[in-house]
Structures are given as structure tokens and as C-alpha cells.
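Enquirer: This is what each chain is made of:
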Amino acid sequence: MKTADIQELSNFLLDYAVMLMRSGANTERTVRNVTRICKSFGYETAIAIFQRNITMTISNPNDHSIRRTYVKQQMSPHLSLSIVNDLSALSWQSFDTDISLDELKEKYNEIVSNAHSNKYIVLVFASLAIAAFCELFGGDFHSMIIVFLSTIVAFALRLFLIKIKFDVRAMIIAVSFTASITAYYIGKYLINTNTLDVAVSTSVLFLIPGVHIINSVTDILDGHVITGMARGVSAMILVICIAIGLYATLAITRWAI
Amino acid sequence: MIDIITSSLLEAVFAAMAAVGFALISDPPKRLIFFTALLAAAGRGVRYFIIAQYGIGLSIATFIAALVIGFLGIFMANKLRCSMEVVSFPALLPMIPGLYAYKTILSIVEYGKTTDLIEKQALIVTMFDNGITTVSIITALAVGVTIPLLIFYEKSFTMTRKIKK
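In the order they appear, the protein sequences are chains R and U.
Quick note on numbering: the working numbering labels position 219 of the first sequence as 219, and the sequence is numbered without any gaps.
Quick note on numbering: the working numbering labels position 47 of the second sequence as 47, and the sequence is numbered without any gaps.
Isolated chain U, as found in the complex:
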């Protein structure tokens, strides 16, 4: 248990580092970068923790993590008077399934090169395995972060308002 918590925290720290860079690429307001990093750390830490502790599948865990980021993002955006997507979208980027996408492409390349039928069959399985994981994680991220946005739909458009009425 202690082990899992420590590695979740470590994962969270690296996620925060990654989020700062990814956030800067999309040019957010400077005062929000710290909060984006916090959100990213929370998301990635939660995902690692529930996978390690409860053995939940990667896509479902990603969905839950995206929900966490979404709700915390709404809360923070309301406190900080900024739009919700500005603070929470960059926080999702450390969960983009780059390695799976890469493996999908790799098996497509290999598939073109090989002539052996058995090998081709094995490659189709890898291709679909990784491809489906990639697509389902991206969908989980996008839908997970949008659900809180839809729940607080009207609210989400008034967050940049300086005067509360």
C-alpha cells in the first residue's frame, strides 16, 4: 500500500513536469500554469493508484482520472475566474497514449514488410490491440473531461465574468 502511494506520488510529480511543458505549448495565461500542473498530477496520480490498487483497466481508469481533472478544473476555474478548458485541457495531455499509438504504427510498418502468414496474423492482433487501446483512451479523456463541463453547462460560460451576479 505504502509502495503504491509512493509510486503514485512519483508518477504525479513527473506528470506535473510534463503538464507545464505541454501547457506552455498551448500558451495559457501565466498565472494558471501552476494549477494546470496540480491538476495533471492529480489525474495521473489517481490513475496510477486505482490501476495498481484495484486492478481496473487502463481505459476506465483514464476515464475516472479525466473526470477528476474535469471536476477539480471546474472548481479551480470558478475560484480563479478563468475558463475551465484553459486550466484543465493541458492537464489531460500527459495521459495521451503516445506509446500505444507508436506501437500501432510500428505493427503497420512490420505488416507491410513481412511475408510470413503466421507473423502477419500476429501483427494484426498487435495492431488492433494497440489501436483500440489508443482510441479508447483518447475517447475516455475527451468524454471524461466534458461530462463535468456539461453538468455545469451554464456555469462554465460565466466563469470569466469578473462581477458575480
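One chain only, chain R, in its complex shape:
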């Protein structure tokens, strides 16, 4: 049985749990991964996860006076399914092999530091995706070009606002407004289309927090009802922000289907 200093282990596991929650893992997965790593070093753990913080107790099963309890603030969400996947694999690696805590930390840092994909590639593919989406909703070819262009503009704005650390709700309102109004004016003055309503309505859809909505349902079904509800409410707030941006466009252009 490998072993590690309890202080170092608890520091690492708190970072690990916060990073998993931030990247969009569901609560049950986070609890299980943390428990698994903890067990591999011969410790017991109990963990409580809330929307704003994580509380964790780690103790030695043979000597309960060796025990650490910490609370750590959650970070703001930054979706990355590859981090979720790789960190889960890391927990199994810790369980199945005799990898030491230092090596574990090294691998963790490696996973976290080079996870996020190239922003500009994402921008192009997101725009293509929205164009395909527009076709699915019955838009014609011209509408597809319109939403492709509007998404490039709005997504670039989104990247910029994320970079200057704008508040996420204000950011979503601004981006949703930009996307829809760009789509509307391109459709009105530059490219003729018969399905402008489809173009305007699909132009904001890349903002939908799909993974958060689904995570909220899985959390509730797993019995983590409070975390699930909290996730659902924060996802709803983001959806309402999208609606506000869209509403602003519709109010300005005074135009309906």
C-alpha cells in the first residue's frame, strides 16, 4: 500500500475536486473520483459539494486523530470535457498502479495546463455548426451564410469578453444581442433570404449551456438534489440572459415573423 502525507494529499484533492466541478463533471463523478484517489493512499474521506464551495474531511482509518477538514471556494465554471475525462482516468491510474503523490500532481498539472483547444479553430467550427443548425430548423442556404457570418462576429466578441474577464451574465447578454442583430442586419441589407426569422433565432444558440442543463438533471437523478437544483438555476439564468439579448434585438428592430 502506497502512502502520502495527509496535508499534501488534502491540498491536492481539494484542487482536484474544484477543477473537476469547474470543468463540468457531475457531482457523483467528482465524489467517486476523490474517494478513489483517497482510498488508493489508504485514507478515508467524506465530501460535501455545494455550488460555491467544497468541504472535505480526510482521515486515517487506523488513527482518527490524524484528520484534516478543509473548505475550498469553487471556481467559476469553465467547461472542458477533456479535463473531466483525463482526471477521471488519472483517478483510476492512482487506484490501479503505485504512482506516488508527486507524480500524480505532475500529471494533474500537465492535464490542466494543456487542455483547452485552439480558440480560432473552435470559432470556425462553431460558426459552421450554427450554419448546419440553421439548415436543420428549415433555413435556406442564404440564411446559413448569414448565421455563419454573425456567429464569427459574436463568437469573437465572446472570446474577447472572456479574456478581459467580463461578468458572465453581462457577457452573454452582449453576445446574444450582437449575434442576433448582426444576423438581422446582414439579412436585411446584404444577403436576401426568405427565412430571416430562422437565421435570427439560431444565431444565438451557440450560447445555450447544454452540458450544464444535462448535468443538472443527472445530479438530481443521482440524489445530489441541491447541487442539481443550483446548477439548473444557474443554467436558467444564462438562458434568460440569452433571451434578454434576443429581446433587445427584436425591440430595436420592431420586427416579428
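Errors might be hidden in some of the hints.
In silico DSS-like pairs for lysine-lysine, Cα to Cα no more than 30 Å straight-line [as the list claims (entries may be wrong)]:
1. U:Lys155 with R:Lys105
2. R:Lys39 with R:Lys107
3. U:Lys30 with R:Lys105
4. R:Lys107 with U:Lys79
5. U:Lys155 with R:Lys2
6. R:Lys163 with U:Lys30
7. R:Lys72 with R:Lys2
8. R:Lys72 with R:Lys163
9. R:Lys188 with U:Lys155
10. U:Lys155 with R:Lys107
11. U:Lys113 with R:Lys188
12. R:Lys188 with R:Lys165
13. R:Lys165 with U:Lys30
14. R:Lys39 with U:Lys155
15. R:Lys107 with U:Lys30
Think of the hints as simulated: they come from the structure by calculation, not from any bench.
Note that the coordinates shown come from a computational prediction; the quantities given were computed from them, not determined experimentally.
On the provided structure of chain R, position chain U as indicated by the hints.
Expert: Quick look at chain U alone, frame taken from chain R:
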């Protein structure tokens, strides 16, 4: 019949395209993007096919499509040694009912503007029609993909394990 199959396939191709973009937004492992696209194509194609062929309602069809994505997702995740949600969640996104959500908001806007009582009544009906469709589709997606996850509950947490025991 041939017509329906061709348009289902076309629908599937566009769904795959959409899924690649949506998947990239949520930053998945690169090797999985192709499989996410496959799942999305399967889901959307199945949904289009059963609606066109058997005339099933949109929400039920979405539920069945989400189940298909869920089961195929479990199968693929097991083969690829990755977590199931990583490969199948982005595949659901092309079925998000954006247009219905949009129409709901639109009728709320119109409702605020109009003063005519008859028109207001008509708008309430549209609002609820589209609103209920939106909510039921989102619920169908989330529950549909979770059911396979619950059936293979223990299994679903061991999929990232490299060594099979």
C-alpha cells in the same frame, strides 16, 4: 419510404456538422469528436425517421432519439475507454429546441406590445404551445440520455479505467 430515408440521412449529415462545432465549444478530447458526430447523426436521423414514418410526436421522438444516443454512447465509451457523458452530451445539442424557445420569447414580446384582447388571447396560446414544447423536449433529452446511464450505473464510472479487472 426511399424519400424519407434520404431526407433522414441528409438531416443526419447536418446534425453531425452541428455536433462537431458544439462539441468543440465544450472542449472534448480530440480523438472523440468523430464519435460524437456519429452519435449526433444517429440521434437526429432516428428522430427524423420515426416522425416522418410513424407520425410520432416531437417530444416522444426526441426521447427515443436521446435513448438511442445514450445506449450507443455507453457502448462507444466502453470501447474507447472514456467517460460516457464526454462522448454523448455534445451529441444531444443539435436537438436543443432553439426555434421553439425563440418563438416563446417572441410571443412574450408581442404580448407586451399589443393592446387588443383577442390578439392577446391568441398570443397566450402560442406562448404556451411553444413554451411547453421547449420544456418537454429539453426534459426528454436529459432524461432519455440519463436512463442508459442509470441502467449501467456502476459500469459508467469505471469506463476511464485503463486496466480491466
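Enquirer: Hint by hint, note whether the structure agrees.
Expert: Now for the hints, and whether the structure bears them out:
1. U:Lys155 with R:Lys105: holds (27 Å)
2. R:Lys39 with R:Lys107: holds (19 Å)
3. U:Lys30 with R:Lys105: Holds, at about 23 Å.
4. R:Lys107 with U:Lys79: Holds - the C-alpha atoms of U:Lys79 and R:Lys107 are around 24 Å apart, at most 30 Å.
5. U:Lys155 with R:Lys2: Distance of about 26 Å is within 30 Å: holds.
6. R:Lys163 with U:Lys30: holds (23 Å)
7. R:Lys72 with R:Lys2: It holds: about 26 Å lies between the C-alpha atoms, which stays within 30 Å.
8. R:Lys72 with R:Lys163: holds (25 Å)
9. R:Lys188 with U:Lys155: Roughly 53 Å separates the two Cα atoms, so the pair is violated.
10. U:Lys155 with R:Lys107: Status holds; Cα separation ~25 Å.
11. U:Lys113 with R:Lys188: Holds: U:Lys113 and R:Lys188 sit about 23 Å apart, inside 30 Å.
12. R:Lys188 with R:Lys165: violated (33 Å)
13. R:Lys165 with U:Lys30: Status holds; Cα separation ~27 Å.
14. R:Lys39 with U:Lys155: holds (19 Å)
15. R:Lys107 with U:Lys30: holds (19 Å)
The structure does not agree with the numbered hints 9 and 12 stated previously, though it agrees with the rest.
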